[in-house]
Amino acid sequence: MPGTEELVAAAAWAYGLRRKSGVTVGRSAAETSDRLSCGRVTVSCEPLPSEGGATSGVLLREVPEGDELAPGDAGGAGRSRARGFQRLTEQLSSAATPQEIGQLAATTAATLLEADDCGVYTRAPDSDVLESLYTTGTSGDAVSPFRRVPIRPGRPLSDAVLTASPVWLEDGDQWRSRYPEMASAGVSGGHQACVCLPLRVDDRELGAVVFRFRRPRVFGSGERGFLVAVASLCAQALDRARLYAAESDARAAAERERDRMTFLAQASQLMEAPLSVEERLQRLADFAVTGIADWSAVHLVRADRVEQIAVAHLDPEKVAFVEELERRYPPDPEAEGGALQVARSGHPVVMTDVADELLVASAADATHLELMRALGLRSAIVVPLLVRGRSLGALTLVHAESGRQFVEDDLTFAGQLAATAAIALDNAALYEKQRTVAHTLQTALLPSELPDIPGMRCAGRYRPPTPELTDVWVGGDLYDVCQDDERGRWALTVADVCGKGPEAAALTALIRHTVHAEVNHGHRPTEVLRWVNAAMLRDNAGSRARFATVVHAHLTVDETGASVRLVNGGHLPALVLRSGRVESVAVAGTLLGVYRYPKLSEVQMHIGPGDTLVLYTDGVTEARRGHEWYGSERLEALLASLDGGSADDIADGILADICRFQRGELHDDVAVLVAQATA
Amino acid sequence: MTGPTEPPPDTLPATGAATALRVVRRQEEPDRMELVLHGELDITTFPIAQREISSVQDQRPAILVLDMAELAYLDSSGIRLVLLAQQHADDSGRKVAVRLGDGQARRLFDMLGLADRFDVLDAGPAIDADTDTARRPDGTADDRGQGSSP
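Protein chains in written order, with numbering that gives the first Met the number 0: chain E, 0 to 678; chain B, 0 to 149.
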């Protein structure tokens with residue numbers, strides 16, 4: 000039959016167009032709009048433009064004879080439908096939200112289809128409920144009287160979704176025969192024909208649309224095709240809107256995450272400020288109310304108590320109000336979800352809604368309740384300040400007048416913020432502990448007090464470097480005085496171990512105890528240092544990375560003063576202050592801890608009453624001010640000026656002068672030992 | 000000695016350190032590498048110098064010369080540096096020599112008793128000990144080889 004052949008040819012041509020436009024976006028094909036008339040069958044071919052002018056598809060419509068769109072009518076009605084379809088396409092392509100699309104489907108599409116009422120429903124992935132996007136003619140809408148419609152087989156809308164194919168009901172009889180239970184509702188309000196169309200794109204189920212008519216209606220194949228095409232158009236728009244919404248959500252989430260990271264970085268910076276713990280936590284609380292909460296508070300666990308350290312709100316009057324409130328009504332430490340409980344338990348709490356019952360339950364009396372209500376607390380989150388599995392306290396964030404609410408998802412961010420604070424607190428505590436350990440260690444390396452030497456006055460001083468200038472507090476400087484009981488001799492030692500920190504401290508201790516032992520064995524000064532050298536070599540295990548310089552003197556005191564034998568292992572020369580004159584006792588010697596046979600020599604001298612022997616480390620002579628050094632000349636001049644002072648006066652005078660020289664700061668540790676023969 | 004007008008053939012600036020240390024590498028004889036240290040050698044610049052020395056020692060020169068004469072400042076870190084270089088050389092049967100100039104490096108080496116532990120390529124000023132003898136009330140005695148040395 001020629002007509003059939005022509006129809007097949009027209010369809011093939013149209014499908015060819017669709018394939019072509021699908022693959023290469025055949026603009027030329029898409030821009031054509033043609034109608035092929037083949038005998039009694041009319042086929043129209045309409046390009047479906049999408050956003051940006053490209054072609055999203057081709058609508059092929061076959062209009063058989065005797066249908067609503069009769070051939071005679073096809074020219075006018077068909078063209079009008081094509082125009083309506085085009086208009087709907089354009090409008091849908093500019094609709095951004097599912098709601099707008101629902102509205103267009105229910106208005107423009109319903110008008111185009113001459114439907115009296117329409118309902119558009121979406122289905123979230125894996126949900127068994129359809130949610131109404133838009134409905135018209137809701138009064139007496141028996142098909143979907145609810146905004147949420149459960150999907151159940153045996154109902155036309157559900158069947159359309161479940162079978163992924165349209166449900167056509169042409170009149171009341173079809174309602175009654177196919178859906179007897181729903182028929183009375185289906186035909187209420189004068190409704191007759193009804194069509195439920197699934198909204199699908201590929202295998203994505205997006206929902207369904209129902210068109211209802213107040214008259215019976217025969218859905219011929221052309222009519223069905225048109226309705227399916229309209230539904231398909233709506234489905235594609237919905238799909239696009241849903242993808243767009245997902246993308247916007249993802250972008251918003253990414254932006255929120257970025258803002259939060261920035262916030263955390265700033266909070267971290269605040270916590271590192273060189274301030275007290277209390278001041279830093281107050282700053283953190285103040286910062287929190289600039290963006291993430293209306294109220295914030297920080298509690299710390301201290302010994303067996305939990306103390307509120309900081310509370311913040313942008314309005315200082317409100318802060319004062321809360322402080323007054325908590326003064327009058329101290330918080331209950333056992334209160335569920337309270338900061339005190341979270342600080343102790345380490346378990347966070349999210350109160351999306353601060354229920355009034357909670358206020359009632361925690362109020363001490365009617366006034367208390369009234370005052371708490373006046374705060375208008377709406378939502379709260381309390382997170383522990385956790386570090387290394389321990390809770391140091393709690394961070395409380397509260398939404399009040401902003402009306403915002405915290406949700407479970409906010410726990411992550413609040414937890415990160417709390418962790419930032421906790422780590423900073425922990426570091427501060429470790430820093431303090433380290434300083435205490437260093438101080439204790441340093442104290443152990445130095446004599447708690449110097450022994451009394453009859454006929455002599457001794458003064459020893461040690462100063463660590465200014466804490467802000469260094470991160471190490473255990474120096475390698477040593478001074479000591481010990482006695483050789485048997486021989487009635489006294490030994491003075493000043494040493495400087497290369498390097499700082501625990502290793503240097505260990506070496507300093509080794510030197511100190513070896514000197515004590517060898518002096519007690521009655522060894523002469525050079526021998527004592529040889530033993531020290533041997534001990535250091537054993538300790539260093541062959542490495543030359545650690546060495547020390549040591550100046551060591553043995554004193555035998557009598558009524559004429561003290562006779563001194565002095566050895567110097569690479570150390571700065573001892574100084575003798577005699578009647579306003581300073582002598583530098585230069586005696587050559589090798590540093591200790593490096594070579595098996597250090598070259599060591601002894602020098603003998605006598606100091607009379609009032610004469611002073613001064614031993615010191617390079618913290619004195621290498622005191623630095625810009626490019627200027629304190630130096631030995633300055634030291635000798637200073638000593639000369641201190642003549643006549645006591646041992647303590649001289650030791651203090653040296654420290655004071657190098658501190659002054661360095662404008663109150665010490666870049667290196669300093670040890671000074673002064674021994675003066677008394678008259 | 001490095002002439003002041005001579006452009007350094009290979010200059011390595013101290014990176015990131017406030018106190019600059021430059022290490023200039025030179026090789027005039029096949030078996031002898033020389034490193035000239037300029038600037039300040041302390042705990043902050045120590046790693047720069049040590050890295051440079053290690054890289055030169057990896058080339059196994061028979062003699063490594065460390066020129067400390069040009070240093071504006073050095074402290075015990077500088078001493079540690081040469082001691083470690085010497086240890087490395089001793090362990091591998093090679094030698095380290097130093098130039099000390101007549102400034103701080105010389106004074107520090109003298110004080111620490113290191114001047115006779117290294118090959119010092121440049122003669123310094125008269126040894127302090129000579130002038131100090133006069134100040135010593137009772138003279139000195141080098142006890143090397145004496146006593147019950149451990």
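It is possible that some hints are incorrect.
25 Å max Cα-Cα, derived SDA-like pairs, lysine to any residue [claimed, not checked]:
hint, chain 1, residue 1, chain 2, residue 2
1, B, K94, E, V200
2, B, K94, E, V581
3, E, K598, B, A71
4, E, K598, B, D109
5, E, K598, B, D90
6, E, K598, B, A19
7, E, K598, B, G92
What follows is a set of in silico ranges between Cβ atoms, one per label pair, in the way DEER data are often shown [what the hints assert, rightly or not]:
hint, chain 1, residue 1, chain 2, residue 2, range
8, E, C658, B, R25, 17 to 25 Å
9, E, G643, B, R31, 34 to 42 Å
10, E, R659, B, R31, 45 to 53 Å
11, E, R537, B, E27, 39 to 47 Å
12, E, D408, B, H87, 42 to 50 Å
13, E, A443, B, H87, 29 to 37 Å
14, B, H87, E, R537, 45 to 53 Å
15, E, T559, B, H87, 38 to 46 Å
16, B, D30, E, Q265, 41 to 49 Å
17, E, D538, B, D30, 30 to 38 Å
18, B, Q58, E, R255, 33 to 41 Å
19, B, R31, E, R537, 45 to 53 Å
20, E, T559, B, R25, 54 to 62 Å
Over 10 Å on every C-beta distance to chain B, these chain E residues come out as not near it, computed from the model [what the hints assert, rightly or not]:
hint, residue
21, G569
22, L571
23, L590
Just so you know, the hints here were simulated from the structure itself, not pulled from any lab data. Here the structure is a predicted model, which means the values were calculated and not measured. C-beta: ideal position from N, C-alpha, C; glycine also.
Right, here's what the structure says about each hint:
no. : hint                       : verdict
1   : B:K94 x E:V200             : 82 Å, violated
2   : B:K94 x E:V581             : 41 Å, violated
3   : E:K598 x B:A71             : 28 Å, violated
4   : E:K598 x B:D109            : 12 Å, holds
5   : E:K598 x B:D90             : 22 Å, holds
6   : E:K598 x B:A19             : 34 Å, violated
7   : E:K598 x B:G92             : 24 Å, holds
8   : E:C658 x B:R25: 17 to 25 Å : 43 Å, violated
9   : E:G643 x B:R31: 34 to 42 Å : 57 Å, violated
10  : E:R659 x B:R31: 45 to 53 Å : 48 Å, holds
11  : E:R537 x B:E27: 39 to 47 Å : 41 Å, holds
12  : E:D408 x B:H87: 42 to 50 Å : 59 Å, violated
13  : E:A443 x B:H87: 29 to 37 Å : 35 Å, holds
14  : B:H87 x E:R537: 45 to 53 Å : 21 Å, violated
15  : E:T559 x B:H87: 38 to 46 Å : 52 Å, violated
16  : B:D30 x E:Q265: 41 to 49 Å : 59 Å, violated
17  : E:D538 x B:D30: 30 to 38 Å : 36 Å, holds
18  : B:Q58 x E:R255: 33 to 41 Å : 57 Å, violated
19  : B:R31 x E:R537: 45 to 53 Å : 35 Å, violated
20  : E:T559 x B:R25: 54 to 62 Å : 60 Å, holds
21  : G569                       : 4 Å, violated
22  : L571                       : 7 Å, violated
23  : L590                       : 5 Å, violated
In this structure, the hints that do not hold are numbers 1, 2, 3, 6, 8, 9, 12, 14, 15, 16, 18, 19, 21, 22 and 23, in rising order.
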